[in-house]
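Starting from the known structure of chain L, fit chain B onto it as the hints suggest.
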Amino acid sequence: MDLRNRLEKIESLKKRVQQINNAHQKKSDFYSQTRKTIPISEVIPGNAIDTPHGSCFFTEKTFPLETSSYGDYSLLDMQKYFPSGLHFWIPQFKSGNEEIKLEEILFFDTETTGLAGGSGTYIFLLGLGYFKGENFYIRQYFMSDYHEEEALLWAVNQLFAQDFKLLVSYNGKSYDFPLLQTRYIMTRLPLQLNTSYHLDLLFPTRRLWKRRLQDCSLANIEKKILKIYREEDIPGYLIPHVYFRYLQDKDSRSLKPIFTHNLQDIISLVLLTTKISQTLDDPLSMGKFALDLCSIGKIYEGYKDFQYSSKCYEEALKGNLSDEETLDALKLCSFAYKRQGEWEKAEVAWREIISLNGQFNLYPYEELAKYYEHKLKDYQQAGAIVEEALQRLTKENISWSIKEQWQNSLYFRLERIKRKQRLMSANSKDNQGE
Amino acid sequence: MACDVKAIIQELEQDYTIRPYLTALEHIPAQDARLNDFPAWLHIGLIDQLKQDGINRLYSHQASALQAINEGKNVVVVTPTASGKTLCYNLPVLDKIIKEPESRAIYLFPTKALSQDQLGELYRMVEALNKPISTFTYDGDTPVSARSAIRNQGNIVVTNPDMLHTGILPHHTKWYRLFQNLRYVVVDEIHIYRGVFGSHMANVLRRLRRICEFYGSKPQFICCSATIANPLELAEKITEKKFTLINNNGAPSGEKYFLFYNPPVVNRQLGIRKSLIKETASLVSKFLNHDIQTIVFARSRLTTELLTSYLKDYLDKIGQDRDLVRGYRGGYLPNLRREIEKGLKEGLIKGVISTNALELGVDIGQLDACFITGYPGTITSTWQQAGRAGRRTHSSVAILVASSVPLDQYIINSPDYFFKEIPESAVIDPDNLSILISHIKCAAFELPFVPEEKFGSEELEDILQFLEDKGIIHFTQNKWHWMSEAYPADEISLRSASTENFTIIDIEEGENKVIGEVDRESASTTIYEGAIYIHEGEQYTITKLDYDDNKAYAKQVEVNYYTDAQVESHIKILDVFDLHEEENIKHQYGEIAITTISTMYKKVKFYTHENLGYGKINLPAEDMHTTAYWLILSETFSNLVGGKISKGFTFDLAGGLLALSNVMVNVAPLFVMCDPKDIRAVAQIRSPFTDLPTLYIYDNYPGGVGFSEKIFELRDKILVAARELIENCGCDEGCPSCVGPINQVGNQGKQSALFILKEAIR
Numbered sequence: 121m122d123l124r125n126r127l128e129k130i131e132s133l134k135k136r137v138q139q140i141n142n143a144h145q146k147k148s149d150f151y152s153q154t155r156k157t158i159p160i161s162e163v164i165p166g167n168a169i170d171t172p173h174g175s176c177f178f179t180e181k182t183f184p185l186e187t188s189s190y191g192d193y194s195l196l197d198m199q200k201y202f203p204s205g206l207h208f209w210i211p212q213f214k215s216g217n218e219e220i221k222l223e224e225i226l227f228f229d230t231e232t233t234g235l236a237g238g239s240g241t242y243i244f245l246l247g248l249g250y251f252k253g254e255n256f257y258i259r260q261y262f263m264s265d266y267h268e269e270e271a272l273l274w275a276v277n278q279l280f281a282q283d284f285k286l287l288v289s290y291n292g293k294s295y296d297f298p299l300l301q302t303r304y305i306m307t308r309l310p311l312q313l314n315t316s317y318h319l320d321l322l323f324p325t326r327r328l329w330k331r332r333l334q335d336c337s338l339a340n341i342e343k344k345i346l347k348i349y350r351e352e353d354i355p356g357y358l359i360p361h362v363y364f365r366y367l368q369d370k371d372s373r374s375l376k377p378i379f380t381h382n383l384q385d386i387i388s389l390v391l392l393t394t395k396i397s398q399t400l401d402d403p404l405s406m407g408k409f410a411l412d413l414c415s416i417g418k419i420y421e422g423y424k425d426f427q428y429s430s431k432c433y434e435e436a437l438k439g440n441l442s443d444e445e446t447l448d449a450l451k452l453c454s455f456a457y458k459r460q461g462e463w464e465k466a467e468v469a470w471r472e473i474i475s476l477n478g479q480f481n482l483y484p485y486e487e488l489a490k491y492y493e494h495k496l497k498d499y500q501q502a503g504a505i506v507e508e509a510l511q512r513l514t515k516e517n518i519s520w521s522i523k524e525q526w527q528n529s530l531y532f533r534l535e536r537i538k539r540k541q542r543l544m545s546a547n548s549k550d551n552q553g554e
Numbered sequence: 044m045a046c047d048v049k050a051i052i053q054e055l056e057q058d059y060t061i062r063p064y065l066t067a068l069e070h071i072p073a074q075d076a077r078l079n080d081f082p083a084w085l086h087i088g089l090i091d092q093l094k095q096d097g098i099n100r101l102y103s104h105q106a107s108a109l110q111a112i113n114e115g116k117n118v119v120v121v122t123p124t125a126s127g128k129t130l131c132y133n134l135p136v137l138d139k140i141i142k143e144p145e146s147r148a149i150y151l152f153p154t155k156a157l158s159q160d161q162l163g164e165l166y167r168m169v170e171a172l173n174k175p176i177s178t179f180t181y182d183g184d185t186p187v188s189a190r191s192a193i194r195n196q197g198n199i200v201v202t203n204p205d206m207l208h209t210g211i212l213p214h215h216t217k218w219y220r221l222f223q224n225l226r227y228v229v230v231d232e233i234h235i236y237r238g239v240f241g242s243h244m245a246n247v248l249r250r251l252r253r254i255c256e257f258y259g260s261k262p263q264f265i266c267c268s269a270t271i272a273n274p275l276e277l278a279e280k281i282t283e284k285k286f287t288l289i290n291n292n293g294a295p296s297g298e299k300y301f302l303f304y305n306p307p308v309v310n311r312q313l314g315i316r317k318s319l320i321k322e323t324a325s326l327v328s329k330f331l332n333h334d335i336q337t338i339v340f341a342r343s344r345l346t347t348e349l350l351t352s353y354l355k356d357y358l359d360k361i362g363q364d365r366d367l368v369r370g371y372r373g374g375y376l377p378n379l380r381r382e383i384e385k386g387l388k389e390g391l392i393k394g395v396i397s398t399n400a401l402e403l404g405v406d407i408g409q410l411d412a413c414f415i416t417g418y419p420g421t422i423t424s425t426w427q428q429a430g431r432a433g434r435r436t437h438s439s440v441a442i443l444v445a446s447s448v449p450l451d452q453y454i455i456n457s458p459d460y461f462f463k464e465i466p467e468s469a470v471i472d473p474d475n476l477s478i479l480i481s482h483i484k485c486a487a488f489e490l491p492f493v494p495e496e497k498f499g500s501e502e503l504e505d506i507l508q509f510l511e512d513k514g515i516i517h518f519t520q521n522k523w524h525w526m527s528e529a530y531p532a533d534e535i536s537l538r539s540a541s542t543e544n545f546t547i548i549d550i551e552e553g554e555n556k557v558i559g560e561v562d563r564e565s566a567s568t569t570i571y572e573g574a575i576y577i578h579e580g581e582q583y584t585i586t587k588l589d590y591d592d593n594k595a596y597a598k599q600v601e602v603n604y605y606t607d608a609q610v611e612s613h614i615k616i617l618d619v620f621d622l623h624e625e626e627n628i629k630h631q632y633g634e635i636a637i638t639t640i641s642t643m644y645k646k647v648k649f650y651t652h653e654n655l656g657y658g659k660i661n662l663p664a665e666d667m668h669t670t671a672y673w674l675i676l677s678e679t680f681s682n683l684v685g686g687k688i689s690k691g692f693t694f695d696l697a698g699g700l701l702a703l704s705n706v707m708v709n710v711a712p713l714f715v716m717c718d719p720k721d722i723r724a725v726a727q728i729r730s731p732f733t734d735l736p737t738l739y740i741y742d743n744y745p746g747g748v749g750f751s752e753k754i755f756e757l758r759d760k761i762l763v764a765a766r767e768l769i770e771n772c773g774c775d776e777g778c779p780s781c782v783g784p785i786n787q788v789g790n791q792g793k794q795s796a797l798f799i800l801k802e803a804i805r
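Keeping their order, the protein sequence lines are chains L and B.
Here the first sequence stands for residues 121 to 554, numbered as in the numbering used here.
Here the second sequence stands for residues 44 to 805, numbered as in the numbering used here.
Only chain L is shown next, with the shape it has when bound in the complex:
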């Protein structure tokens, strides 16, 4: 049997390939029109750019700032709020010495042949957005086949090499950027990006909204935060397949939604940057959602601004929170008070947590006991709160190993408090005796 036949046989046996083929079939139904060779320039207005490494396709779109509005924002709003809060994400901006102009920001998003990463994943479409004068520009670089990759990367380098200071992406730190580095290594071209900073919006987005939304995919953030609803958007998971299909039949019509998708992603990067800046410009007035206020409080906490963070928590507690969320907010608030030395306020908060009667928590008792013992030196009260904790703990239905551990630490504390108490009363008797 000849080699080719044997190969066919072995392959046909593999279930996995079968499954892939089935999935293939399903995906193919996405575009059912008859296929024919149509070059990209007939579908997307743009040109080939020539480079020392051959040519690739390039298109540029201009968005006048005044007139480009999406959801709650226009592209113009960026000027109003940026760079509020940037120092939270990039510490170098903390000092105020480092400044950044809108025109120094480069927005960046890629469309790739897979999500797996590794050297077999290619960037076939790379979108870059930047402000210049009255407009926002988006350039898209596209390789119409693998051999155009070097030209694409070379062409992109020409823009990279300009005076951009800040790169903005969504999940670019762990995905797009390492992939870009991989592509330059694979083609042995130097990556000539001069930006000093990379703002990956995924991180601020998570810190601001994960508490409320859980799902922090860009698609969900667009809907829930930016109020943008895409029409007929191509689902991200189909993109590699559509490109592979195009590679085989060169019918560029199917690529149009990918260009649109990429364009929209970059616009969303601008809007999201705007939204994040605005939120941190005046958080208390922005916080319609109590949970978001908690998240903002946490951000300020990380910045050691406990006064501001406790304000956020207080504001949050006025809002609409579930019992569990209230407990959480109270906890955050109580520790923010403690860090500021606002002991009376902290005491009230801990007392409130205990009175809320949720699931047993050791920390409010412990914090109160520490406060009474070490700060007030009121051993009477300190002992009483520990005993209260012990009493409640006996009734709690929790795993006994944890219970035992907690009980031990409480008994240990109680012993110490009683010892101190005895010592003090002995001292005071001595004093009286004199």
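Hint data in this document are derived by calculation from the structure and do not stem from the laboratory.
A quick note: this is a predicted structure, and the numbers were derived from the prediction, not measured.
Be aware that a few hints might be false.
To be verified - Heads up, incomplete: computed chain B residues facing chain L, CB under 10 Å, no partners named:
(1) Leu212
(2) His215
(3) Thr216
(4) Lys217
(5) Phe257
(6) Cys485
(7) Leu490
(8) Pro491
(9) Asn521
(10) His524
(11) Met526
(12) Glu528
(13) Ala529
(14) Tyr530
(15) Asp533
Idealized CB from N, CA, C, for every residue including glycine.
Same frame as chain L, but now just chain B:
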């Protein structure tokens, strides 16, 4: 200590209940050290370090290895266990890094446990040197946060082939500093890479070399091997480079005894021998009485656990601490394993019962005595296990206890074959199409292919063309590029076992404690609902098997039985690649689809092995496509069924076929150089596909690895050997040592199998 070993051998020799069953008592004399001076080029810091450790000269093989490596040659070092072979690579590697600090090296060990051990030793050396040399382990346990540091700075990256295959090669751009400066690739325990694993390994190294070429580095290979017949050939086949063989072992060793023990026959007619496990337990207990630190190798997990509990019971009986004896096998979690390894080193543990997890060079120090229960399948492996016992200065002893399986009986009764013959060759087939294609996909993912490239000896362009037609790669401007979302390395496991493991959870421990792991293939025969699972000598019953979530839930119980699953197989012939027809028999080789299902299990009583009842197993069938050899008997045999052939012999087709399959599957591994569990046999008295009596032997590996093709080629030799084995067996009507037990093959099974063989081989 030395006296004890000699004393106990004397005691065994004088014991009339043991003496008759010792089929060999080999004495291996002590060897003195052969030493050479340090080579002049070796960095003075390293020499000072060695001298501080009390090493003033090198063993002859270390000196030769260093010289060859310094001359730029690839070397393969073949010396016994504990002969200081790690210095053969650590010295040249460290020397290179001291002199050229950018240099990098990759160390490849076949198992994770092993790499941890080696790193410990390397760390000590590096620390003492006080030079900026960084060494790291990179495997599945490496924290994600530490990975980027390892990629950027690790001078020596210690890893295993699986991690190289899935984690490093597909992400080579992140490792470009390593690949640009790669000077050495160390492949330790290279003899482990045989069969499927070895064929994969050769392809992984093809990919490694391809990537090195991309970054412009040409690493030198240093391999180490246990004693096999063809270390040089294996190293050259796995790396596709020219090698120099270093085998002038200069390490000293104490004298050693090697005993063969064949448990006595209790029923001559049925050929039943005393239980291997009980016999071993009773011999080992003598060693424990003498306070001799002993390791016992068992062939399966079940035997490991049974022996452990028997010996623990023995310690109880004589009023000693049960924990003087411990079990040790793959399913144990790392912490427990570390604890046992430490106990052995410190002498707190007197006996350890292990599966072959300890066969490789895990650092437990050397023990006084080693029991090998059941022939491990190869001469190489037996010597390696025996090497676990052996002190530099004292006497030590290794004892092979035979089971009643045919291979064991052959070896135990032919000590010359074992002591005089050269050990086996390690056979690999890097161009096995199924394996080759898998790795060509991975390679295409890693770097685009160009038409003039070479990868293996098959026509690369045909394969690439084929993958292109399948839409997996795409050809443009003279290059094939990867065109799939898939990450191909994830789809291939280098070992025949799948990567998916089932965890076994003790439901009664407060925090759902994981007590062990079982691979997917074994799940349907070891952790079905109702199965008795033995862990550290304690019995658990499986209360629930969550097949989709890869979890089994267990509860501790105390019962007097163990469980044994019954497996059923259905076979479909998909294609015939080659055939050979004779008068009464047809031989074929091709592709089959086999469906295996476990339907029920037996409860077997401890010690007496009585059958106590049955239970149902409700598990999905496992499907596999693979290659097989099968022989088809002519209609003549079917027509003879029930017919009286000669006095007292009535032909039994079913029994004869089953008997023949039992013999074949045991004999074939000797000829095709595979592990007995790499092939399986199924006998059908009327196959739905051939319509005739058919006996299948198939590769127990998806896609096949070429064993059945070899069986087809060597069928005549194998059939002759099968006949000799049956004819030379002393039993009357069949026994487990030849055709299988009578209650399985029937009392006409042996004669019928012989009859078939005589008719078939003309």
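Hints versus structure:
1. Leu212: Holds, about 9 Å.
2. His215: 6 Å, holds
3. Thr216: This interface hint holds because 4 Å falls under the 10 Å limit.
4. Lys217: Hint holds; Lys217 of chain B Cβ to chain L Cβ min 7 Å, cut 10 Å.
5. Phe257: 9 Å, holds
6. Cys485: With a minimum Cβ separation of about 9 Å from chain L (threshold 10 Å), the hint on Cys485 of chain B holds.
7. Leu490: Leu490 of chain B check passes; min Cβ-Cβ to chain L is 7 Å, inside 10 Å.
8. Pro491: 7 Å, holds
9. Asn521: Hint holds; Asn521 of chain B Cβ to chain L Cβ min 8 Å, cut 10 Å.
10. His524: Since chain L brings a Cβ to about 4 Å from His524 of chain B, closer than 10 Å, the hint holds.
11. Met526: Since the shortest Cβ distance to chain L is 5 Å, the answer is holds.
12. Glu528: Interface hint status for Glu528 of chain B: holds (4 Å vs cutoff 10 Å).
13. Ala529: Since the shortest Cβ distance to chain L is 7 Å, the answer is holds.
14. Tyr530: Holds - the Cβ of Tyr530 of chain B comes within 10 Å of chain L, reaching about 4 Å at its closest.
15. Asp533: 8 Å, holds
No hint from the list above goes unmet by this structure.
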